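Undergrad: Sequence:
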Amino acid sequence: MIETKRLIIREMVQSDYDALCGILCDEEVMRAAYESAFTLEQAQSWLNRHLKRYEEYGFGLWAVVLKETNEMMGQCGLTMQGWREKEILEIGFLFQKAYWHKGYATEAAIACKEYAFSVLNANRVYSIIRDTNIAAQKVAVRNGMNIIDKDTKNFRNIDMDFFLYSAENPSRMEQ
230 MIETKRLIIR EMVQSDYDAL CGILCDEEVM RAAYESAFTL EQAQSWLNRH LKRYEEYGFG
290 LWAVVLKETN EMMGQCGLTM QGWREKEILE IGFLFQKAYW HKGYATEAAI ACKEYAFSVL
350 NANRVYSIIR DTNIAAQKVA VRNGMNIIDK DTKNFRNIDM DFFLYSAENP SRMEQ
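One rule links them: number in my numbering = place in the sequence shown (from 1) + 229.
Hints in this document: simulated from the structure, not taken from any laboratory.
Model, not experiment: these values are computed from the prediction.
Where a beta carbon is used, it is the ideal one built from N, C-alpha and C, also for glycine.
Misleading hints may appear alongside valid ones.
[Claimed, not checked] No farther apart than 35 angstroms at their CA atoms in a straight line, the calculated lysine-lysine pairs in the DSBU-like style are these:
1) K326 - K382
2) K379 - K326
3) K326 - K367
4) K281 - K326
5) K331 - K281
6) K326 - K296
7) K367 - K315
8) K281 - K367
9) K382 - K331
10) K315 - K382
11) K367 - K382
12) K315 - K331
13) K234 - K326
14) K296 - K281
15) K315 - K326
16) K296 - K234
17) K234 - K367
18) K367 - K331
19) K382 - K281
20) K315 - K281
21) K331 - K296
[Unchecked claim] Here are the simulated distance ranges between beta carbons:
22) A327 - R401: 36 to 46 angstroms
23) R235 - E270: 29 to 39 angstroms
24) R313 - T361: 19 to 29 angstroms
25) R401 - R313: 14 to 24 angstroms
26) T381 - D247: 28 to 38 angstroms
27) T381 - K296: 37 to 47 angstroms
28) E314 - K234: 31 to 41 angstroms
29) K234 - R385: 33 to 43 angstroms
30) D388 - N299: 12 to 22 angstroms
Working from the sequences, and respecting the hints, build out all of it.
TA: Here you go:
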């Protein structure tokens, strides 16, 4: 689907479930984004939701596979998310902690932004990132994004503060 120097980004399939659980069911990984790990059932529901998104939108969070080992080490992609009563095109990402701080999230996020601009012809992309998730904020900045808003969202009955990062499609910018 999308290929970068080190990564293959493709649709997830049911056989990715175990690798996905290595991300979603890891307490440390999930604390940064969602405060706590998912259960096995929540991980399956997450996978099912993205399989439906592929059918409905033609995109969703995709498997990020390391070319060198053919291992699914994370997920990154595009989803429609709610922000202040609007639906926005978001670049989201989650990676196994063994692959943190190696540039993979940035590489995948940049590829997803380019896909949104060149294939989907999107005017703008966003990333919704917790105010406490400094590493993800750095990925957004390296992806050419700036903070444009802040809001509190409730996820799993916990109020969390989020920054809204955004980047505009340079080929669609008004002159």
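Undergrad: Mind checking the alpha carbons of K367 and K331 for me, to see if they're no more than 35 angstroms apart?
TA: Roughly 13 angstroms between the alpha carbons, so the hint for K367 and K331 holds.
Undergrad: Take a quick look at whether K281 and K367 sit within 35 angstroms of each other, Cα to Cα.
TA: holds, 30 angstroms
Undergrad: With a cut-off of 35 angstroms on the C-alpha distance, tell me whether K379 and K326 pass.
TA: holds, 26 angstroms
Undergrad: The hint says 33 to 43 angstroms between K234 and R385; measuring C-beta to C-beta, is that right?
TA: This hint holds: roughly 36 angstroms between Cβ atoms.
Undergrad: 31 to 41 angstroms was suggested as the range; check whether the CB atoms of E314 and K234 agree with it.
TA: Since the Cβ atoms of E314 and K234 sit about 39 angstroms apart, the hinted range of 31 to 41 angstroms holds.
Undergrad: Please work out if K234 and K326 have their alpha carbons no farther apart than 35 angstroms.
TA: Roughly 21 angstroms between the alpha carbons, so the hint for K234 and K326 holds.
Undergrad: Assess, step by step, whether the Cα of K367 is no farther than 35 angstroms from the Cα of K382, and give holds or violated.
TA: holds, 21 angstroms
Undergrad: Could you grab the alpha-carbon distance between K315 and K382 and see if it respects the 35 angstroms cut-off?
TA: Holds - the C-alpha atoms of K382 and K315 are around 14 angstroms apart, at most 35 angstroms.
Undergrad: Is K315 close enough to K331, meaning Cα to Cα at most 35 angstroms?
TA: holds, 34 angstroms
Undergrad: Decide if the proposed pair is consistent with the structure: K331 and K281, CA atoms, cutoff 35 angstroms inclusive.
TA: holds, 31 angstroms
Undergrad: Could one say that the CB atoms of R401 and R313 fall in the range 14 to 24 angstroms?
TA: Since R401 and R313 have Cβ atoms about 22 angstroms apart, the given range 14 to 24 angstroms holds.
Undergrad: For K296 and K234, compute the direct alpha-carbon distance and say whether it is at most 35 angstroms.
TA: holds, 9 angstroms
Checked against the numbered hints above, the structure violates only hint 30.
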